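Protein sequence lines correspond, in order, to chains H and W.
Heads up: the first sequence begins at 1 in the working numbering, then just goes up one per residue.
Heads up: the second sequence begins at 1001 in the working numbering, then just goes up one per residue.
Note that these hints are calculated values from the structure, not bench results.
Model, not experiment: these values are computed from the prediction.
The beta-carbon is built from N, C-alpha and C at its ideal position, and this holds for glycine as well.
Keep in mind that a hint or two might mislead.
[What the hints assert, rightly or not] One side only, chain H facing chain W, incomplete, derived with CB under 8 Å: (1) P49; (2) L53; (3) F57; (4) F63; (5) W156; (6) N160; (7) Q161; (8) L278; (9) R282; (10) S284; (11) R297; (12) S299; (13) H305; (14) A309; (15) E311; (16) L313.
[Claimed, not checked] Pairs of lysine-lysine, DSSO-like flavour, derived with a Cα cap of 30 Å: (17) H:K103 to W:K1103; (18) W:K1103 to H:K276; (19) W:K1276 to H:K68; (20) W:K1276 to H:K276; (21) H:K154 to H:K276; (22) W:K1276 to H:K84; (23) H:K154 to H:K103; (24) W:K1103 to W:K1084; (25) W:K1346 to W:K1068; (26) H:K276 to W:K1346; (27) H:K346 to H:K228.
Here's the letter readout for the chains.
Number of protein chains: 2
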Amino acid sequence: MQLAHGAVETPIFMPVGTQGSVKTLHPDELDLLGAQIILGNTYHLWLRPGHELIRDFGGLHGFASWDKPILTDSGGFQVWSLAKLRKITEQGVRFQNHLDGAKMLLTPELSMEIQAGLGSDIAMLFDECPPYPCEKRYAAESLGLTTRWARRCKDWVSENQPRSGDGPQRHFGIVQGSIWAELREQSARELVELDFDGYAIGGVSVGEPEEEMFRAIDHSVPFLPEDKPRYAMGLGTPPQILEMIGRGVDMFDCVMPTRVARHGQAFTLDGPIHIKNLEFERDSGPLCESADPHVARFSRAYIRHLFRAGEILALRLLSFHNLHFLLRLTALAREAIHDGNFLEFKESFTRRYTKA
Amino acid sequence: MQLAHGAVETPIFMPVGTQGSVKTLHPDELDLLGAQIILGNTYHLWLRPGHELIRDFGGLHGFASWDKPILTDSGGFQVWSLAKLRKITEQGVRFQNHLDGAKMLLTPELSMEIQAGLGSDIAMLFDECPPYPCEKRYAAESLGLTTRWARRCKDWVSENQPRSGDGPQRHFGIVQGSIWAELREQSARELVELDFDGYAIGGVSVGEPEEEMFRAIDHSVPFLPEDKPRYAMGLGTPPQILEMIGRGVDMFDCVMPTRVARHGQAFTLDGPIHIKNLEFERDSGPLCESADPHVARFSRAYIRHLFRAGEILALRLLSFHNLHFLLRLTALAREAIHDGNFLEFKESFTRRYTKA
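Chain H on its own, in the form it takes in the complex (with noise of 0.2 Å):
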């Protein structure tokens, strides 16, 4: 995928920079964990800083001094799942802010305003993300909802031309339509039609069972044209994540690699472990044998007396680490795949992983 700020190998995963910064770490160790590309949060920035600063410094790229893709989502999830009294119409979402409660409205072309401003490579479009579990009218409703704002979306881009650096901004459009098979193809066959340069799976971890999540990306895919990329949204843990490459998919992102080691607990090859656990306490080997030499150079022992005792390393170590662990996993797919062998991968590490 050829973007304004460099080309992005798939299937890749995108670690999460929400306020502009990926939890706990610098860009040289972004660099050194070989993202090709982070996600920036509309909502976030357009709260604080703001996107008129943002774009003053030269967009999220020269603020945040990253110079490789960002993509940025359309604040709709956030506005969806932090701010407060939310009122949807034709028009946008009405909803207070969570960090003053100050009443604001997010439309379709201002979502697109913002994302110009950042200058994102890649922007998504405003949608409205139904809950899990909801009526299958509400769904239909919400899709309508979703396409119509799309069309609103693509005329603001069109008048607008909005530049990423030295190259267009790419716009990726949302399908969603819950857990009905006709509502996701729907969904995606109108998107397609209005043609954008990817699309973007969303409604999905959103609290539904892991099978619904799984029938979602097959209900969607089959639709999406082939050679555009197809993104799963806020996704997952390392065994969703090959199971979704095997079904097409193509991005992920995830705030969850970072929290959860914000809370001690790393990806190893035998599935996670928490390192504030006791059985760690004079264990001398590295977090995970596939541990960067960044982190492997620390033992256990040492990051689980960092974390007990509140050190800061200790949280950079295990956001590295688990972000290290997602990236080389996509790019062992990408190796896989390659090489033919992606199914047989998927399994032996999968297996491993759940000890299945």
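For this one, chain H is given, so just place chain W on it according to the hints.
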């Protein structure tokens, strides 16, 4: 100064790694900073994770993955400042620790044994630090105890011959005597008589006015050998450090640079700034014109945003910068001493820093 884990140029500032990590930083960043020696706190590491565990991991060097010199304090000062229900006897200090309130006893011999387990290049003798202000009689009696404890430390060292890596561990005595010139002289003479590898001036930065602090230095330094390092414990601001270098001090440590960083304060050549202030909202300049590229690539506006948003990267950048500022300051002081223009350098730096 040649130590078991390498040479240290003086005058030098030593970043403090209380619990086995210099707060927020990775050892790679300490290398980038040019840190030549760091500090570990005996009291904290004894309580958690314990010096026996650290000894089994190759001492603090192996445990924390740091192969350059380390100095450990004696634990006496932390017992004094952090522990509860402290009771001093000839034998040692009984107290309740600040973590779980357990009753503990720290003696000169145990302090030496813990520091031997930590395997530091320089171990500090166990002393009694009188409060400020205190009665002269108390200071005199306390000084007597410090000398008797120094003798017991020396005996333990002679008997046990502690090592640091491939070389012998070095031991520094601590001059006490509060604000009285004759007590400082007495303390210095008694310690020099016992013959240690270096000498520290203790009982400073305990709440006394700055002039008293400088007087304590002036009352001690003349009685310490010219050919052994002199260390002022727990100091100080950038101008204070230059002032004390001028008065013959070679070594400094202080938690202040990283502590104030976590509260948003950054050193600059024009004095300290508070990054959260509104004046930096749109400031595109670096934190300080002398900042290292690791920090200077970011604008003040960006660091301010990160700090206000509670992002750990802000604490990292400010901590890194403040340590860089002091390490650069002592490096420039060495250069000026070498070039014979130290007084000029000190005055010009201080004039600008204090806006005098």
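Hint check:
no.: 1; hint: P49; result: holds, 4 Å
no.: 2; hint: L53; result: holds, 7 Å
no.: 3; hint: F57; result: holds, 6 Å
no.: 4; hint: F63; result: holds, 6 Å
no.: 5; hint: W156; result: violated, 26 Å
no.: 6; hint: N160; result: violated, 24 Å
no.: 7; hint: Q161; result: violated, 27 Å
no.: 8; hint: L278; result: violated, 12 Å
no.: 9; hint: R282; result: holds, 7 Å
no.: 10; hint: S284; result: holds, 7 Å
no.: 11; hint: R297; result: holds, 5 Å
no.: 12; hint: S299; result: holds, 7 Å
no.: 13; hint: H305; result: holds, 4 Å
no.: 14; hint: A309; result: holds, 4 Å
no.: 15; hint: E311; result: holds, 5 Å
no.: 16; hint: L313; result: holds, 4 Å
no.: 17; hint: H:K103 to W:K1103; result: violated, 55 Å
no.: 18; hint: W:K1103 to H:K276; result: holds, 25 Å
no.: 19; hint: W:K1276 to H:K68; result: holds, 28 Å
no.: 20; hint: W:K1276 to H:K276; result: violated, 34 Å
no.: 21; hint: H:K154 to H:K276; result: violated, 49 Å
no.: 22; hint: W:K1276 to H:K84; result: holds, 27 Å
no.: 23; hint: H:K154 to H:K103; result: holds, 26 Å
no.: 24; hint: W:K1103 to W:K1084; result: holds, 9 Å
no.: 25; hint: W:K1346 to W:K1068; result: holds, 29 Å
no.: 26; hint: H:K276 to W:K1346; result: violated, 47 Å
no.: 27; hint: H:K346 to H:K228; result: holds, 23 Å
The structure fails hints 5, 6, 7, 8, 17, 20, 21, 26 (numbered hints given earlier, in ascending order).
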